[in-house]
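Student: Chain residues, written in single-letter form:
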Amino acid sequence: MSSAIVADDLRKSYDGVEALRGVSFEVRAGEVFGLLGPNGAGKTTTVEILEGYRTRDSGKVTVLGHDPAAAPRALRERIGVVLQQSEFTPLLTVHEVHRLFAGYYERPRDVDDVIRLVGLEEKRDARVKTLSGGQKRRLDLGIALVGDPDLVFLDEPTTGFDPAARRTAWELIRTLRSLGKTILLTTHYLDEAQQLADRVAVIQAGRIVSLGTPAELIGDAHKAEIRFQLNGEQVVVQTDDPTLTLHELTSEALANGSRLEHLEVRRPTLEDVYLDLVGGDENAE
Amino acid sequence: MTLLFHQLAYEQRIFWRSREAAVFIFIFPLLLYVLLGSVYSDEIEIDGVAVPAADLLLAGLFGYGAANTAFGGLAIILVGRRETGVLKRLRSTPLPPATYIAAVLSSTLLIFALQALALILLGRFVFDASAPANWLGFAGAVVLGVVCFAGLGVGAASLIRSAEGVSAVVNVVLLPMAFLSGSFGPTDDYPGFLDAIAAVLPLTYFLDIVDGVYLEGESLFADPKALGIVLAWGAVGLVIALTRFSWMPRER
Chain A
236 MSSAIVADDL
246 RKSYDGVEAL
256 RGVSFEVRAG
266 EVFGLLGPNG
276 AGKTTTVEIL
286 EGYRTRDSGK
296 VTVLGHDPAA
306 APRALRERIG
316 VVLQQSEFTP
326 LLTVHEVHRL
336 FAGYYERPRD
346 VDDVIRLVGL
356 EEKRDARVKT
366 LSGGQKRRLD
376 LGIALVGDPD
386 LVFLDEPTTG
396 FDPAARRTAW
406 ELIRTLRSLG
416 KTILLTTHYL
426 DEAQQLADRV
436 AVIQAGRIVS
446 LGTPAELIGD
456 AHKAEIRFQL
466 NGEQVVVQTD
476 DPTLTLHELT
486 SEALANGSRL
496 EHLEVRRPTL
506 EDVYLDLVGG
516 DENAE
Chain B
154 MTLLFHQLAY
164 EQRIFWRSRE
174 AAVFIFIFPL
184 LLYVLLGSVY
194 SDEIEIDGVA
204 VPAADLLLAG
214 LFGYGAANTA
224 FGGLAIILVG
234 RRETGVLKRL
244 RSTPLPPATY
254 IAAVLSSTLL
264 IFALQALALI
274 LLGRFVFDAS
284 APANWLGFAG
294 AVVLGVVCFA
304 GLGVGAASLI
314 RSAEGVSAVV
324 NVVLLPMAFL
334 SGSFGPTDDY
344 PGFLDAIAAV
354 LPLTYFLDIV
364 DGVYLEGESL
374 FADPKALGIV
384 LAWGAVGLVI
394 ALTRFSWMPR
404 ER
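Residue numbers (our numbering), protein chains in the order written: chain A, 236 to 520; chain B, 154 to 405.
Bear in mind the hints are in silico, worked out from the structure with no lab data behind them. Some hints here could point you the wrong way.
As the list claims (entries may be wrong) - Partial list, computed: chain B residues near chain A (C-beta under 8 Å): (1) L156; (2) R242; (3) P247; (4) P249; (5) S283.
We put the CB at the ideal spot given by N, CA and C, even for glycine.
If we strip away everything but chain A, and leave its shape as in the complex, we get (with noise of 0.2 Å):
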């Protein structure tokens, strides 16, 4: 698989304070990317690098083949972009901003087919205005597709949702990713990246401090926990072999006659491995 994103060190300073100091990474072409990282930590600039809207201080990058600080028209073709925050005039129909949009692409999706794939149908002829929040994301998403792009930028495409809409979003990504599309998407949403991602890269102050799938993360960082309660005394047990020590733990207490109260058994959430990477380290700069 060829790469749709190489980004080599990347390095920008804003009024002498580093906002990224030598981000790496690489995004396959037809995987979902996840930038994963607390606000602060240098996603949307990342991004923003990537996008062509901001420059580097240093570094190389390569988005589809072209540096995207040249932003070359060639590249802008096959890009599709969703803001964290846009709105479009809330004067014109939902159908007449695709078209707008569609007008500036060689070759664009038809237009009904995008409205129909991001669930506008029925809001087709309504003006931008009359739609709900959720639905002028959608708006958003439907004019990032509308140019038929082979990478699509997802800035925190679910913040402020509600959970039925974050569904809704997802299902919607998941479809994306099944038509082909590279996908990176930013979030501070853990459970986001867990779902959405093939591959994760945690981002804390500047610096890329994990990279990899959620699995791979979850796998590396800390072993199983079993928690239970004896004699009314909390205790929890580390393993990397959970099968095993539960055994010896179960058949001990019962040789004891003794009782496990509240036996689980956890394996570390992506949760627990991102606060174990940026927990702590919150205010370093």
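Using the hints provided, position chain B relative to the given structure of chain A.
Tutor: For chain B alone, kept in the frame of chain A given last:
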């Protein structure tokens, strides 16, 4: 070129669908003409020459309309679009920035040309005002007005930081300028210090040129000094725009 017309068509659709824009930008100067035209009747003496009030006000409101449409209208549109992320979003599409700017300017020019036509028709049928003595020069003044005030409008948009501040700034600049430059009536009786301020404003010189082509049938280039000052103001706006214009929202 196709892309330019595509964008221009949507710019027009957006403009005419917006009641605020259509009223504030398009109707307001016409409304002022009706009001002022009803107040001042007969003739007004300027520099010893008697001129029909309807003619003088038509020229004055034409100038005000140019500033209102190109300076005020553009500044409001551009700041609004920048702060809501529309410009940022456009930057990620293949639409070339120059094409976008050209479409926005053409749209402004079209709106002001229609407004100028409406002023002439209104003057003709309601106040018996004269038709332009030099039609070609008058058409040239439409373009000149848009060039100068659009330059200043884009420049102002580059300096104004917030969408909330933009209409306040625009009105604080526009209305006193129009008043001092003589858009709303003769300025002969103004005290000296107001004249001194008026003597540096672009609208003052633009109105001199408009008076020339509209009333006296002069060429657009009859007063090189006035033309130079008007263009210089436009250039100042353009230089500010070139150094300070941003596609990204300023407020975070």
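Student: Are the hints correct? Go through all of them and say.
Tutor: To see whether the hints hold, each was checked on the structure:
1. L156: holds, 7 Å
2. R242: For R242/B, the interface hint holds, since the closest Cβ of chain A sits about 5 Å away, which is under 8 Å.
3. P247: holds, 5 Å
4. P249: Because about 7 Å separates P249/B from the closest Cβ in chain A, which is inside the 8 Å limit, the hint holds.
5. S283: S283/B check fails; min Cβ-Cβ to chain A is 38 Å, beyond 8 Å.
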